[in-house]
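Number of protein chains: 2
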Amino acid sequence: MLDQFKVKEADAVRVDESPLRDTVRQIFSKMGVPDSDCEVATDVLVTADIRGVDTHGVSNMLRAYVNGYGKGELNPRPNWRIIRETPATATVDSDRGLGIVVVPKAMEIAIDKAKKVGLGMVTINNGRHLGMASYHAMMALEHDMIGLCMTSCPPSVLPTFGAEPRLGTNPIALAAPADKEPPFVFDAAMSTVAGNKLGLARRLGNDLLPGWVGDSDGIPIMDAVEPPMPDYEGRASSHLLPLGSTRELGSHKGYGLAGIVDILGGMLSGGGYGANPGRPNFGHSVAAYSIEAFTDVRQFKRTMDEWLQMLRTTAPAKGHDRVLYPGLPEAETADDRRANGIPFHPEVIEWFRDICGELSIPFTLA
Amino acid sequence: MLDQFKVKEADAVRVDESPLRDTVRQIFSKMGVPDSDCEVATDVLVTADIRGVDTHGVSNMLRAYVNGYGKGELNPRPNWRIIRETPATATVDSDRGLGIVVVPKAMEIAIDKAKKVGLGMVTINNGRHLGMASYHAMMALEHDMIGLCMTSCPPSVLPTFGAEPRLGTNPIALAAPADKEPPFVFDAAMSTVAGNKLGLARRLGNDLLPGWVGDSDGIPIMDAVEPPMPDYEGRASSHLLPLGSTRELGSHKGYGLAGIVDILGGMLSGGGYGANPGRPNFGHSVAAYSIEAFTDVRQFKRTMDEWLQMLRTTAPAKGHDRVLYPGLPEAETADDRRANGIPFHPEVIEWFRDICGELSIPFTLA
Numbered sequence: 001m002l003d004q005f006k007v008k009e010a011d012a013v014r015v016d017e018s019p020l021r022d023t024v025r026q027i028f029s030k031m032g033v034p035d036s037d038c039e040v041a042t043d044v045l046v047t048a049d050i051r052g053v054d055t056h057g058v059s060n061m062l063r064a065y066v067n068g069y070g071k072g073e074l075n076p077r078p079n080w081r082i083i084r085e086t087p088a089t090a091t092v093d094s095d096r097g098l099g100i101v102v103v104p105k106a107m108e109i110a111i112d113k114a115k116k117v118g119l120g121m122v123t124i125n126n127g128r129h130l131g132m133a134s135y136h137a138m139m140a141l142e143h144d145m146i147g148l149c150m151t152s153c154p155p156s157v158l159p160t161f162g163a164e165p166r167l168g169t170n171p172i173a174l175a176a177p178a179d180k181e182p183p184f185v186f187d188a189a190m191s192t193v194a195g196n197k198l199g200l201a202r203r204l205g206n207d208l209l210p211g212w213v214g215d216s217d218g219i220p221i222m223d224a225v226e227p228p229m230p231d232y233e234g235r236a237s238s239h240l241l242p243l244g245s246t247r248e249l250g251s252h253k254g255y256g257l258a259g260i261v262d263i264l265g266g267m268l269s270g271g272g273y274g275a276n277p278g279r280p281n282f283g284h285s286v287a288a289y290s291i292e293a294f295t296d297v298r299q300f301k302r303t304m305d306e307w308l309q310m311l312r313t314t315a316p317a318k319g320h321d322r323v324l325y326p327g328l329p330e331a332e333t334a335d336d337r338r339a340n341g342i343p344f345h346p347e348v349i350e351w352f353r354d355i356c357g358e359l360s361i362p363f364t365l366a
Numbered sequence: 001m002l003d004q005f006k007v008k009e010a011d012a013v014r015v016d017e018s019p020l021r022d023t024v025r026q027i028f029s030k031m032g033v034p035d036s037d038c039e040v041a042t043d044v045l046v047t048a049d050i051r052g053v054d055t056h057g058v059s060n061m062l063r064a065y066v067n068g069y070g071k072g073e074l075n076p077r078p079n080w081r082i083i084r085e086t087p088a089t090a091t092v093d094s095d096r097g098l099g100i101v102v103v104p105k106a107m108e109i110a111i112d113k114a115k116k117v118g119l120g121m122v123t124i125n126n127g128r129h130l131g132m133a134s135y136h137a138m139m140a141l142e143h144d145m146i147g148l149c150m151t152s153c154p155p156s157v158l159p160t161f162g163a164e165p166r167l168g169t170n171p172i173a174l175a176a177p178a179d180k181e182p183p184f185v186f187d188a189a190m191s192t193v194a195g196n197k198l199g200l201a202r203r204l205g206n207d208l209l210p211g212w213v214g215d216s217d218g219i220p221i222m223d224a225v226e227p228p229m230p231d232y233e234g235r236a237s238s239h240l241l242p243l244g245s246t247r248e249l250g251s252h253k254g255y256g257l258a259g260i261v262d263i264l265g266g267m268l269s270g271g272g273y274g275a276n277p278g279r280p281n282f283g284h285s286v287a288a289y290s291i292e293a294f295t296d297v298r299q300f301k302r303t304m305d306e307w308l309q310m311l312r313t314t315a316p317a318k319g320h321d322r323v324l325y326p327g328l329p330e331a332e333t334a335d336d337r338r339a340n341g342i343p344f345h346p347e348v349i350e351w352f353r354d355i356c357g358e359l360s361i362p363f364t365l366a
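From first to last, the protein sequence lines stand for chains W and L.
Each residue of the first sequence is one higher than the one before, starting from 1 at the first, in our numbering.
Each residue of the second sequence is one higher than the one before, starting from 1 at the first, in our numbering.
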């Protein structure tokens with residue numbers, strides 16, 4: 001994460017993983033979510049916080065989920081079901097269940113199929129927010145599989161040359177196991193910056209950077225000015241740009257990649273695409289690739305080690321200490337946060353205090 | 001394609017598709033390639049020219065292939081074979097066969113598997129240059145399937161914060177059918193710009209644009225200066241940047257996406273990754289997704305139409321005429337070039353004249 005998005009150490013309140021999990025679990029339970037689903041939902045959220053993916057952890061998302069249950073947009077007891085199936089594929093109707101509850105179950109189905117026929121892919125329609133996409137992809141790792149996850153989101157991103165948002169941030173996550181190295185875990189929006197980063201920037205009082213948004217005429221803002229904040233409700237005076245920012249820098253590639261997610265995550269689920277049906281509806285897609293189906297697993301993992309070591313020992317560019325690979329900083333952050341607690345902005349702690357009071361849950365976080 | 005990369009109309013020599021195909025077929029035949037393989041190789045190359053993907057058409061690639069056969073890097077009669085297989089997957093040893101010959105056969109296998117179990121994916125090791133990735137992906141369209149293709153290329157791209165190239169341009173292509181609209185066909189390198197674009201820029205006498213390359217210290221060159229040209233042989237004073245150009249604009253995303261291609265296209269084939277074994281070796285990966293396995297095909301195609309129409313009727317940004325979608329300009333170019341011939345730089349025509357003379361093939365292109 002860019003330094004500007006980190007909670008300043010002096011401001012941070014560090015919370016241990018265990019009481020955080022207890023609290024989050026009880027909040028989901030108060031929303032009417034069954035116990036086993038509370039467990040998995042908590043694991044998805046807190047794993048994001050542990051890995052330093054603060055945009056998808058409790059600070060940004062839990063309050064949104066509580067609001068969603070309150071407004072009836074989220075079904076706490078979804079009757080999700082497989083509506084179409086082949087040996088390698090399934091399509092799931094999520095019955096308005098939160099993605100952090102239903103998608104792990106879909107990923108289990110994909111993994112089972114990959115065990116049997118080499119690959120498994122499950123699309124999920126009528127879904128709700130996915131949480132951290134890489135959580136679902138990482139479920140494949142312990143099975144010696146590669147995991148993939150994507151989600152077709154409501155529109156907030158301008159197509160190249162366009163003045164109206166048509167595509168979601170549409171993240172893609174892929175996790176692949178290594179032997180001794182931390183696994184490769186990629187997880188990124190196909191916009192220049194994740195939508196949730198804007199909320200985080202607002203909370204931390206930071207400007208947006210050049211190349212992140214286009215103005216109301218659709219022109220990419222490439223100067224170091226303070227751009228207006230999009231508000232996601234159609235009244236925005238600026239919108240996110242696809243990865244690549246401008247046509248010359250390759251924004252048509254970010255635009256096309258976001259389109260792929262609308263197809264594989266949205267349309268292939270039979271549930272439309274990001275812009276239609278639109279918020280709060282999301283279409284998801286998960287896949288599992290059995291490494292054993294393609295090649296020798298031990299050799300694959302050793303080659304992964306060699307490749308990841310090559311990447312992280314690349315001579316650094318002037319002014320930089322080292323080269324990272326996707327998943328390496330997250331693994332390092334997880335080690336730190338498991339040992340020393342998760343740093344939260346005091347505002348987040350206050351929200352927990354309030355919601356615990358409101359729901360009659362003991363407040364144990366500070 | 002950016003205007004600067006188009007052959008100037010005044011300079012162009014227009015060649016009809018039919019004599020071009022005849023000539024290309026005979027050149028492959030003179031290289032010792034069997035007749036049916038000449039047919040498919042020609043189709044891959046000329047389809048790139050027809051669709052306006054000049055970087056992967058005859059002008060850039062055919063001379064490279066002729067050199068490769070001459071040097072023995074390419075096997076004209078590869079004994080390619082399946083070395084591992086499950087119901088949904090296969091791994092192919094390409095026996096140094098050119099990708100434009102072997103990968104279409106791998107894609108046929110993937111399509112057959114998708115017919116039976118919903119998905120099919122084939123990885124190809126010991127491969128050689130892929131040609132236009134979207135050709136292989138588009139093979140799925142007539143079967144009412146979505147096609148995917150990627151290739152793990154020798155290193156030419158800097159990792160974020162790195163000063164040494166570690167990843168290939170590693171293109172990803174995905175094709176998905178619509179009903180009445182031209183299909184969605186995405187095909188892009190995960191670098192800011194495709195490697196072949198540099199050769200094309202050299203031929204056309206154009207500068208590279210800011211954000212395309214990093215200097216020898218690994219610093220992204222973001223000014224409008226004339227940057228030095230990389231030469232791909234390790235002696236380069238500049239290297240390509242991943243899609244996103246700088247960390248602030250999201251280059252870690254382009255870097256990670258290129259990494260995904262090294263994993264799915266390279267390591268999952270059992271043949272290493274771009275940097276190892278390195279040129280002229282490439283690992284490829286193709287996949288086919290049966291739409292019928294997931295959802296109703298007619299409904300899917302109608303929804304694709306609706307989505308593609310939404311994209312191309314987006315209000316354009318100030319200074320632009322219209323919004324495109326991936327595959328739309330290529331379909332329009334194909335209509336034009338089928339009717340009016342393919343425009344080539346005179347230097348390309350001269351190369352054809354020379355090679356036809358050398359190989360005793362009648363020269364019929366001008």
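By construction, these hints were calculated from the structure, which means they are not laboratory data.
Computed from a prediction, not measured in an experiment: that's the story for all the values here.
Careful, some of the hints might be misleading.
The list treats identical chains as interchangeable, and a pair is accepted whether it falls inside one copy or across any two copies.
Mimicking DSBU-like on lysine-lysine, the simulated pairs with C-alpha atoms at most 30 Å apart in a straight line are [what the hints assert, rightly or not]:
1. 180 x 115
2. 115 x 71
3. 318 x 30
4. 301 x 105
5. 105 x 115
What label fits residue 180 with residue 115 when the C-alpha limit is 30 Å: within, between, both, or neither?
-> within (24 Å within a copy, 38 Å between copies)
Taking 30 Å as the upper bound on the Cα-Cα distance, should residue 105 and residue 115 be classified as within, between, both, or neither?
-> So residue 105 and residue 115 pass the 30 Å test inside a copy (16 Å) and across (26 Å) alike.
With 30 Å as the alpha-carbon cut-off, assign the pair residue 318 and residue 30 to within, between, both or neither.
-> Answer is neither: 52 Å inside a copy and 50 Å across each miss the 30 Å cutoff.
Residue 301 and residue 105: within-copy, between-copy, both or neither at 30 Å Cα | Both: 26 Å inside a copy, 28 Å across copies.
Have a look at residue 115 and residue 71 and pick one of within, between, both or neither, based on CA distance no larger than 30 Å.
-> Neither. Shortest intra-copy (40 Å) and inter-copy (43 Å) distances fail the 30 Å Cα cut-off.
Checked against the numbered hints given earlier, this structure breaks hints 2, 3; the rest are met.
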